[in-house]
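Novice: Place chain A on chain D using the hints.
Protein chains: 2
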Amino acid sequence: MKFAFLPSPWEASVADLQAAGHEMVDLEQNPDMLVFRGGPKDFPDTLPESVKVVQIGYAGIEMLLDAGILAKHAARGVRFANAAGIYDDTVAESTLGLLLAVSHRHKAVRREWNQSQLFDETEFLFDNKKLALIGAGGIGKKLIEFLAPFGVEVTAVNRSGREVKGAVQTVAMSDAEAMAQVWANNEYFVLLAPLTPDTKHLVNAEVLAAMPSNAVIVNVGRGGLIDTEALTDALRHGTIAGAGLDVTEPEPLPADHPLWDMDTVVITPHTANIPRFMERRVGALAVKNWEKFASGEQMHTEVDVDAGY
Amino acid sequence: MKFAFLPSPWEASVADLQAAGHEMVDLEQNPDMLVFRGGPKDFPDTLPESVKVVQIGYAGIEMLLDAGILAKHAARGVRFANAAGIYDDTVAESTLGLLLAVSHRHKAVRREWNQSQLFDETEFLFDNKKLALIGAGGIGKKLIEFLAPFGVEVTAVNRSGREVKGAVQTVAMSDAEAMAQVWANNEYFVLLAPLTPDTKHLVNAEVLAAMPSNAVIVNVGRGGLIDTEALTDALRHGTIAGAGLDVTEPEPLPADHPLWDMDTVVITPHTANIPRFMERRVGALAVKNWEKFASGEQMHTEVDVDAGY
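Chains as they are written, first to last, in my numbering: chain D, 1 to 309; chain A, 1001 to 1309.
Possibly wrong hints are sitting among the right ones.
Derived CB-CB ranges, DEER-like [said to hold, decoys possible]:
no.: 1; chain 1: D; residue 1: D261; chain 2: A; residue 2: K1288; range: 42 to 48 Å
no.: 2; chain 1: D; residue 1: N128; chain 2: A; residue 2: E1112; range: 37 to 43 Å
no.: 3; chain 1: D; residue 1: P44; chain 2: A; residue 2: E1112; range: 31 to 37 Å
no.: 4; chain 1: D; residue 1: S295; chain 2: A; residue 2: E1112; range: 47 to 53 Å
no.: 5; chain 1: A; residue 1: E1112; chain 2: D; residue 2: N30; range: 43 to 49 Å
Anything over 10 Å on all C-beta distances counts as not near chain A; from chain D, calculated [as the list claims (entries may be wrong)]:
no.: 6; residue: G161
no.: 7; residue: G223
no.: 8; residue: V305
Listed below are several chain A residues computed to face chain D (Cβ distance under 10 Å; list not exhaustive) [as the list claims (entries may be wrong)]:
no.: 9; residue: A1092
no.: 10; residue: S1094
no.: 11; residue: S1103
no.: 12; residue: V1109
no.: 13; residue: S1116
no.: 14; residue: D1120
no.: 15; residue: L1125
no.: 16; residue: D1127
no.: 17; residue: K1142
no.: 18; residue: L1147
no.: 19; residue: A1148
no.: 20; residue: F1150
no.: 21; residue: I1274
Since the hints were made in silico from the structure, they are not lab data.
Note that this is a predicted model, so its numbers are computed, not measured.
Even for Gly, the Cβ is constructed at its ideal location relative to N, Cα and C.
Only chain D is shown next, with the shape it has when bound in the complex (with noise of 0.2 Å):
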C-alpha cells in the first residue's frame, strides 16, 4: 500500500513501513494510509478519497476529538488507529523510577549527612505495601510485572470493573463506595486514567483527605487527574506523604510553583514516553494494524470514535 506521513515522517517508522513493502509518497499522491503524528492545526483540512486509514503517531487523541477531526473524517468512512500500548514498558518503567525515588527520598538527601533522618523516612515497596491502579489498561498491565517481585498488592480501578490479571481486586470506578475503600486503604496511587469529565480533579481536597498519611501519588496519566492547589495544600501539611509528577496543571509547571521546592515531590517534564521509543514503534504497529484493516477486520489499536476512546 502507499502512505503519507504527516506532519513530516519519523525515520526510523518509514523505514519498518517499507521493509514491509510500502511505499511512501506524498498525501496527493493518494495514499492507503496517512501516518500522522501532529497536533489539530497539522491535519489536513482534506484527505483525498483514497485514505481509508488513519494511523496516528500517538495514544493521547482527546486534542483531536475535540476539534472534531476524528468526527469529521469517519462519517466518510475513513477508519483511525492511534498509538495506544506502544509505550506501555516507558511509561511503566518511568512510574516505578517516580515510586521508589519518592518512597527511597531522593530529595531529601542534603550534603550535610542528613542519614538518620533517611533512615527514618524512607519507605520500601517490598514492606508489604499496597498500591492502587487509577486507570489499568497496557501500561498498569507492564507495571503490574515490574511490581511483582516486591509483593506489592495491586488493586486495580477502570470503568468497567473488569477484573485485571495480577491485581487482588478490580473496582468500577463509578462505585463509589468502593472507591472509597480504595483512597482509605492503599498507600500507593497511580494514576494513569484518560482525562475525562469523569475523572477531571478526580484527586481534589476530599479524596486526598480520605488517604492515609503515608500516601503517596504518582501521576504519569494527565495533569488534570488532579486538583493541583489541593494536592500542594495536602503536601505543605503532611496530609499524605509524597508525589511523583510526570504531568501536571498545568503544564509546564511555572517555575516558581511550591511543588517545585518540596523535597517530598519528585517532578519530571512529561518524559515518561519518550518520542524516540515511538519512533521505534509506530511502524511496525501501523504494518500491523493494516494488515488486519485489510483482511477486514478490527485493527489492533482502532479508535471508537463516537466512544471517544
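Specialist: For chain A alone, coordinates are given in the frame of chain D:
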C-alpha cells in the same frame, strides 16, 4: 533459652525472641546466647561460659574479625552467626531505585522545563540493557529477581565463578581476561562486593576507561571499591554516563565534593539498608539460628571464623 542483648537491646528483636519463649537476662546471669549489635569496643572482654552462640546484628563483620574478637572466643568453642541475608531486599530495592534515578535523569530536571534534554538523555532498563553484578550473594540474587521483568541481561561476578541463577554467565573475579570483557561489554555495573585487599579500588581509572561511554555505576557495597578521584574525573569528562552512590570513600563525602554538584550522580547517605528493618528481623533470625544450634546443625548464617566470612 536465655539471651543477653548488648550493648543495648532492639525492642522489636527482643519481642520476637520472647514470643518464641526465650528470656532476656543480663550478661552476668548466664545467658545461652548473646545478641550483639555494637562495634569492637562494645564487645565484652570475657563471656560467661554459658554463652554458646553469639548472634551478631549485622553482616559486615570485618571490624570484629580484624580486632581478633571472633578468633579469641571461637577458640573457646563459641559459635558466631551474623545477620547476612536479612537486608537483601532493602539493598536490592535501593539499588534499583538508584539505577532508575540515574537512567531516567531525575537530577537533570530543571524548573525551566528541559523536556527535550530528558527526551534525549533518558535511558530505560527494559531496552536490551546489560548489567554486571560485581559480588553476587544474596543481595545480587534478589536484584536479579527485581530486574527479571525488564529483561536485563545479567553477568554475575563472584569469587568462585560458580554459576548464579538468573545470570546469563558468571565470571570469577580473578579471571583477568574475562573481567576485561565484563568492563567493556556492560552498560550497568552494580558493586556489591565486600572490601578486601583484592577489591580495594577495583573500579579505577583504567577500568573506567574500559567501560562504554553510556556506562552507569551503582555502588551499594563499600566506598573503597571505587577510586573516588578517578570516578569524578570519568564523570566530568564523559568517560562514563552516571553513578548512583550509597557508599563513598571518604564517607561522608565532604559537602564541597564535586560529585554532589553533578546531575549525573545520585547520592544516598549509606541508607540502602535501614536499621529499623534489621531490628524487626534480627530477633526472628536469632530464634531460627538457636533452633539449628540446639539440634546440632550449622546455623543459617554461621560465620566461618577461620575463613573470615
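Novice: It remains to establish, for every hint, whether it holds in the given structure.
Specialist: Here is what the structure says about each hint:
1. The hint said 42 to 48 Å for the Cβ distance between D261/D and K1288/A, and at roughly 47 Å that hint holds.
2. A hinted range of 37 to 43 Å holds for the C-beta pair N128/D and E1112/A, which are about 40 Å apart.
3. One distance hint, 31 to 37 Å for the beta-carbon pair P44/D and E1112/A, holds here, with the actual separation near 35 Å.
4. With their beta carbons about 49 Å apart, S295/D and E1112/A fall inside the hinted range of 47 to 53 Å.
5. With their beta carbons about 45 Å apart, E1112/A and N30/D fall inside the hinted range of 43 to 49 Å.
6. At the 10 Å boundary, the C-beta of G161/D stays outside the reach of chain A, the nearest C-beta of that chain being 26 Å off.
7. Against chain A, the non-interface label of G223/D holds: every CB pair exceeds 10 Å, the least being about 13 Å.
8. Every CB of chain A lies more than 10 Å from the CB of V305/D, the least distance being 30 Å, so the non-interface label holds.
9. This hint holds: A1092/A has a C-beta 8 Å from the nearest C-beta of chain D, less than the 10 Å allowed.
10. A distance limit of 10 Å between C-beta atoms decides the matter here; for S1094/A the minimum to chain D is near 6 Å, and the interface restraint holds.
11. Evaluation of the S1103/A hint against chain D yields a held restraint, the C-beta minimum of about 8 Å falling below 10 Å.
12. Interface hint at V1109/A: satisfied, since its Cβ lies 6 Å from the closest Cβ of chain D, which is below the 10 Å cut-off.
13. Interface hint status for S1116/A: upheld, as the beta-carbon distance to the closest one in chain D is roughly 9 Å, under 10 Å.
14. The restraint placing D1120/A at the interface with chain D holds, with a minimum CB-CB distance near 8 Å, inside the 10 Å limit.
15. Checking L1125/A against chain D: minimum C-beta separation of about 6 Å stays under 10 Å; hint holds.
16. Interface hint status for D1127/A: upheld, as the beta-carbon distance to the closest one in chain D is roughly 8 Å, under 10 Å.
17. Using the Cβ-Cβ criterion of 10 Å, the hint placing K1142/A at the interface with chain D is satisfied: the shortest such distance is roughly 8 Å.
18. Checking L1147/A against chain D: minimum C-beta separation of about 9 Å stays under 10 Å; hint holds.
19. A cut of 10 Å between beta carbons decides the hint on A1148/A: the least distance to chain D is about 7 Å, and the hint holds.
20. The interface hint given for F1150/A is met, as the beta carbon of that residue sits about 7 Å from the closest beta carbon of chain D, less than 10 Å.
21. Of the supplied interface hints, the one on I1274/A holds, with its beta-carbon coming within about 6 Å of a beta-carbon of chain D, less than 10 Å.
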